[in-house]
Amino acid sequence: AQKVTQAQTEISVVEKEDVTLDCVYETRDTTYYLFWYKQPPSGELVFLIRRNSFDEQNEISGRYSWNFQKSTSSFNFTITASQVVDSAVYFCARGTGRRALTFGSGTRLQVQP
Amino acid sequence: NAGVTQTPKFRILKIGQSMTLQCTQDMNHNYMYWYRQDPGMGLKLIYYSVGAGITDKGEVPNGYNVSRSTTEDFPLRLELAAPSQTSVYFCASTLNSNQPQHFGDGTRLSIL
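Protein sequence lines, in the order shown, are assigned to chains Y and X. Residue numbers for the first sequence follow this note's numbering, beginning at 127 and rising by one. Residue numbers for the second sequence follow this note's numbering, beginning at 51 and rising by one.
If you are wondering where the hints come from, they were derived from the structure by calculation, not from laboratory data. It is possible that part of the hints are untrue.
Said to hold, decoys possible - Simulated pairs of lysine-lysine, DSS-like, Cα-Cα distance not exceeding 30 Å:
1. X/Lys59 with X/Lys94
2. X/Lys59 with Y/Lys142
3. X/Lys107 with X/Lys59
4. Y/Lys196 with X/Lys94
5. Y/Lys164 with Y/Lys196
6. Y/Lys129 with Y/Lys164
7. X/Lys107 with Y/Lys142
8. Y/Lys196 with X/Lys64
9. X/Lys64 with X/Lys94
10. Y/Lys129 with Y/Lys196
11. X/Lys59 with Y/Lys196
12. X/Lys64 with X/Lys107
13. Y/Lys142 with Y/Lys164
14. Y/Lys129 with X/Lys64
From a predicted model like this one, the values you see are computed outputs, not experimental measurements.
The shape of chain Y in the complex, shown without the other chains:
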């Protein structure tokens, strides 16, 4: 199986610190899609971003930014000036073709006030 690895199980930071969540994926496909989802303590899954394999441009959305590097099969997620409301479990996922997403095991982020 082609895995998605989120090596950081849990990260704890103090509010206003920057934090980067790592994601490394395996794939044999030329075309694939990468996603980040957020799961707050309430349990729902919230879509954050989608990237296709042909677009290596980094993206910034407010305090969030994503760095996609095909050469290292990584799709890292940075939160700038973290806030308590950012506390959640963050999942990286990869999708190809008609099959469902393959999820990493998640990184639990705790932002302390």
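Dock chain X against chain Y, hints included.
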């Protein structure tokens, strides 16, 4: 626009009982999925469907069955509940496999 609706939100079953987890979406999405999320883990695919009348197994299908008689509904059936099936179950849908999946709020199931 309700999105993806899962019922029930919580359920406790006894070993050997059966039940159906309901999932319906009102976005006319072709693709629908069932995942389970065990504590501290990511989501694992149980079954998926690419359209009415078409279903296929995912990574962890044993102990489950699905059907897709309409575009809107994708129920998940547990025939003989076992403690190993204690988990949170998420249903998701998407227009096509390249687009983000929309998730329901989950069903928390405990088998005792």
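Item to complete: Measure nothing beyond the straight line between the CA atoms of X/Lys107 and X/Lys59; if it is 30 Å or shorter, mark the hint as holding.
Response: 24 Å, holds
Worksheet item: Taking only the CA atoms, is the gap from Y/Lys196 to X/Lys64 under or equal to 30 Å?
Response: With Cα atoms ~48 Å apart, Y/Lys196 and X/Lys64 exceed 30 Å; violated.
Fill in: Holds or violated: Y/Lys129 to Y/Lys164, with C-alpha atoms at most 30 Å apart
Status holds; Cα separation ~19 Å.
Item to complete: For the pair we were handed, X/Lys64 and X/Lys94, check the Cα-Cα distance against 30 Å.
Response: 23 Å, holds
Fill in: Proposed proximity, X/Lys107 with X/Lys64 (alpha carbon, max 30 Å)
Holds - the C-alpha atoms of X/Lys107 and X/Lys64 are around 25 Å apart, at most 30 Å.
Worksheet item: Is the hinted pair X/Lys59 and X/Lys94 satisfied, with a Cα-Cα distance of at most 30 Å?
Response: 19 Å, holds
Discussion item. With the threshold set at 30 Å, check whether the alpha-carbon distance from Y/Lys129 to Y/Lys196 stays at or below it.
Written reply: 15 Å, holds
Practice prompt. Below or equal to 30 Å on CA atoms is what counts here, so check Y/Lys129 against X/Lys64.
Written response: 34 Å, violated
Worksheet item: Taking 30 Å as the top limit, are the C-alpha atoms of X/Lys59 and Y/Lys196 close enough?
Response: Violated, because 39 Å separates the two Cα atoms, which is more than 30 Å.
Discussion item. Check whether the Cα positions of Y/Lys164 and Y/Lys196 lie no farther apart than 30 Å.
Written reply: 23 Å, holds
Worksheet item: Within a Cα-Cα threshold of 30 Å, do X/Lys107 and Y/Lys142 meet the stated pairing?
Response: 44 Å, violated
Fill in: Hint consistency between Y/Lys196 and X/Lys94 [alpha-carbon to alpha-carbon, up to 30 Å]
Within the cut-off at roughly 25 Å; holds.
Comparing the model with each numbered hint stated earlier shows that hints 2, 7, 8, 11, 14 do not hold.
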